[in-house]
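Visitor: Following the hints, position chain B against chain A.
If you read the sequences in order, they're chains A and B. Take the first sequence: its letters are residues 1 to 194, numbered as in the numbering used here. Take the second sequence: its letters are residues 1001 to 1332, numbered as in the numbering used here.
Keep in mind that the hints are not guaranteed to be accurate.
To be verified - Away from chain B, derived, C-beta distances all over 12 Å, residues of chain A: (1) R19; (2) R30; (3) E67; (4) R88; (5) G151; (6) N165; (7) E172; (8) S177; (9) G184.
Claimed, not checked - Stretch by stretch, here's where chain A covers chain B in the computed footprint (C-beta under 8 Å, at least three residues): (10) 1014 to 1027; (11) 1035 to 1046.
Honestly, the hints are just simulated from the structure, not real lab data. Backbone N, C-alpha and C fix where the C-beta goes; we use that ideal spot for every residue, glycine too.
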Amino acid sequence: MGQRERTLVSPVGGVFRGRAVVMDAEDVRRATWRIAHEILEHNRGAANLVLVGLQTGGVWIASALAEVVRAVSATDVPVGALDVAYYRDDIGLRPVLPVAATEIPVDLGGAVVVLCDDVLFTGRTVRAALNALSDLGRPAVVQLAVMVDRGHRELPIRPDYVGKNLPTRRLEMVDVSPEGVVLGDIVGPESEAI
Amino acid sequence: MTPRHLLSVADLGLEGIDEVLRLADTFVEVGRRPIPRVPALRGKTVVSVFFEDSTRTRLSFEAAAKRLSADVMTFTGSSSSLNKGESLRDTVLTLEAMGVDAFVVRHSCAGVPAQVAGWLEGARAAGGAGGSGASVVNAGDGAHEHPTQALLDCFTISRERERRFGHSPARPAVLSGLRIAIVGDIRHSRVARSNVIAFSTLGATVTLVAPPTLLPPSLSGWPVEVSQDIDAVVAKSDVVYLLRLQSERMNEQFLPSLREYTATFGLTGERARLLGPSALVMHPGPVRRGIEIAAEVADSPISVITAQVANGVAVRMAVLYLLLGSGAPVGA
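Chain B with its partners taken away, still in its complex shape:
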């Protein structure tokens, strides 16, 4: 792996994830200060390059960069020279020539962040203009991966369990022995892919719950169990992780109807009563209330959805600091 980029959560390995989570603890403390900002990345420039709609991820990364005192630039695909016919590669190299230290990239196609990293590495190897060796952070690429979401989810599970129930985790595999159910649209979900890797790396047992149409065409090599019986799975899970139905990516008929989906796979109020006393309910957002999760469940104390968002800033600070500031190699 290259410590310069964060393209997949698998790049980090167990030790790398643990390092991010421990750093995030220190940034949670920074976030509680009267002035929630440290000068660690003064003089660095972070550009968010988003080719796909996003609220929380882009703002979360930008807040993280600002709290580290980095300069932040925002690039949105829809209002750029791409509309004048410039290639993505030229756009990236143009931005790099302006002195960018990190690219936070989201794209609807899997592999674009890796491609951007490849172009930057190529420019660096060739020397000449640009080639400063900027970092790339994958902020979600197609149905491939969303590594910082997985990191903030691991952080939220481990720290919320510690805060609420006093379960201080054994490090570094802080999710050892936990049973985590990921429910819903696995097929279109990069969050599911990154989380399956991260949860199982940290020692959890992952069960996917989805209708067969919303599972990926092949699950070979995935360290998961699969079930269609949500009631049985919910009753014995420590964490129930719900995914949004990604209707915008559904170009064929995956479901008979939304109502039937909610009845069969949604976390309704009735179903939530099957949960154990120390179970947590999570969702990466944006939440479609009344479809994958009932409003009353999303707003109940067992839901840590807002904690996920709050922790997202601290975890992204940790990632940016590791890539740009620490001078330390990330992961194994």
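Looking at chain A on its own, in the form it has when it is part of the complex:
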């Protein structure tokens, strides 16, 4: 059982201590392949497709999906990165700072946008992302792909593509990376603030 420990970036803070490996690197790779195929199946190909990763956890997922799409359909799909800090509904309640600039390489008007993120939890980040997207253009369709759906939704938002449904307790933490998915807890001085 892999014990991973690392310092988390804002907005959460504290130290993540892994308890159980839920998916290994191979599982993540397989899930990425399946999601990419589902995206192509659902949208009948890659026409007008734009993959937008949410900063920062979703960005590598968008790139990984684009790689599979390229391998399968020989299409170069534009990949963007979206930082939703300025659209969050908890500004002023806790430190909210963007981690990186938004970068959308193409006009989103009429595009089939697939938002990509690592973990779907309360749905508030996705709500913020939808508002941000509407300031950047008017996509024809917006879909949502996540590596892990951990439940505890606070808004009427559901994913279109899921790597793994993972029942969790509210105070647990899920760490997603290309090396795998680890369930654990946050320990440290700031853990009470969540």
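Guide: Okay, now just chain B, sitting in the frame of chain A:
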């Protein structure tokens, strides 16, 4: 320092300046969007309190606040109850009672923004009516400081050098190793004071070039070199920063004549040819063409004067967001 206010660029320190510059990058991107506005400061109210003429600074702050979705109110000293005998303190507390979250203050007297911040802190400590803990941003006070101008200048130098010459800066001291000349009316310039602090904090070497009459009475403690030989300084500077001759603050004879000033200290077209291939020319505005800088130089590609103005909005968005929105402590 109090993270609640931005009174001096020294309040921020190296890390704080770096934080503002990195945030400004994200707001430059916002400015390029079809809808250049984010909802980050919805429900917040920013009032610009200007007791001195200003075009770009006031409009730049107001554009910044609006692009963050804050509500904006404008207060100008000349058309206010101050003319009926109300004190500045009562005016400020009255505005705060209306629910203001940030005061952007410009005044011809040094220290007024700090004084306003003090009154607001006092009201907060006392509780009762008002006392909501509004922030104060110094938008220029006398010959003291103009911190957001310094921040946008640092941002412009670092990002323009990166864009034009591919010099990606080592963070956080993004001006490391640069030689920056500040030329002109240092004595009356709050921009010079803030920029000397900011440039040297970020690692640059600053040289002041001015006639002795336009230097401050004392430069002790300033991390600068001083020269009267503009040709020699220009030839080895990475940035030449020109200041406006502030004739409105000159109540005695500082110069024999404007023509002599231009000949000795102006960036003429001929002098500009001494500049190195990767040098930048800057000016905080308003520009007096033909006096401190020749029109042909101000309009040439080496001038980044319009980039300074454009970056001003993004940098002020970063400052307002840090003070009002982020919930994060600013600076050290």
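Visitor: Determine for every hint whether it applies to the structure shown.
Guide: Do the hints match the structure? See the list:
no.	hint	in the structure
1	R19	holds, 30 Å
2	R30	holds, 35 Å
3	E67	holds, 25 Å
4	R88	violated, 8 Å
5	G151	holds, 27 Å
6	N165	holds, 32 Å
7	E172	holds, 24 Å
8	S177	holds, 24 Å
9	G184	holds, 25 Å
10	1014 to 1027	holds (count 3)
11	1035 to 1046	holds (count 6)
Going through the hint list in order, the structure does not satisfy hint 4, though it satisfies all others.
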